[in-house]
Amino acid sequence: MDERRAGVGAGLGAYALWGLFPLYFPLLEPAGGLEIVAHRVAWSLVFVGLLLTVRRNWDQVRAAVRHPRSMLVLAAAAALISVNWLVYVYAVNSGHVVEASLGYFINPLVSVVLGVFVFRERLRRLQWVAVGIAVVAVVVLTVDYGQPPWIALTLAVTFGLYGLLKKLVRVSAAPGLFLETAVVVVPALVVIGVLAGKGDAAFGHAGVGHALLLVGSGIATAIPLLLFAAAASRVPLSTIGLMQYLTPLMQLGIGVFVYSEPMPPARLVGFAIVWLALAVFTVDSLRAARTARRAPADQVPAVV
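The working numbering puts the first residue of the sequence shown at 1, with every later residue one more than the last.
There's no promise every hint is true.
Claimed, not checked - The list that follows gives simulated cross-link-like pairs (lysine to aspartate or glutamate, EDC-like), each with its CA atoms no further than 20 Å apart:
hint: 1; residue 1: 198; residue 2: 29
hint: 2; residue 1: 166; residue 2: 121
hint: 3; residue 1: 167; residue 2: 121
Hints in this document: simulated from the structure, not taken from any laboratory. Owing to the predicted nature of the structure, the values given are computational and were not obtained by experimental measurement.
Can you build the whole structure from these sequences, using the hints too?
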């Protein structure tokens, strides 16, 4: 019970920190999105490297490096999460926090669809219903925005693909994050150097406090991921699935009540349809988890 309580606390901490990101990234201005992501990559690498040294986990990094397939998958994951970070920072700092929250609301449904096309998973009836409702929501929101909600769709798809790739490699959170950031740290350092050379860099020119905030973006990236890893190893996936809605709910609230982003009736209807899809999806997931727990041991498929 203590382990489960610790896992729930870690999960809530991770999702709450992710939910507060819309309040953090505007503090990094006047740095642009590209500079923010470059510093996020560079300082994440430094912070996780120090953490690996303290915990003496470098053997896990060396083990992963010896497998070219794992490194190839992690490189692709690094590219996807970099795009995700860049789009998210752009969304937050350009007044599209509400649309960004939509991306993380529909992310679980995107992950389900990816499971069908990539892993040939078979969806249950209610899962198909949830996906169909989500498609209706996208259509409604497209009419409201006057174009498809590209920010939300890009965030959902890139993060969904990122999660899919992470399922293909067995690397712990800290070593995996170190290798992912190591893959893209050279381009990140090039961006930082070019901006500094042109005199367009905010780092070092907007005060010590601003520089520390940019450094802190690496820590802010790593800590929620480590908390999430701690939660995933202690609580059921069904619990993790319920907790994940905390992040977009917080982001939506920040967008509407802190940044006063518009929420016209048509957009609210679109979000309500998304929430209906998530409700159907969650009920089905909880029911399936309950059925699996009640299944006799001899009916549980062997792990090979």
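Verification of the hints:
no. : hint       : result
1   : 198 to 29  : holds (18 Å)
2   : 166 to 121 : holds (17 Å)
3   : 167 to 121 : holds (14 Å)
Consistency with the previously given hints is maintained throughout, with no hint failing.
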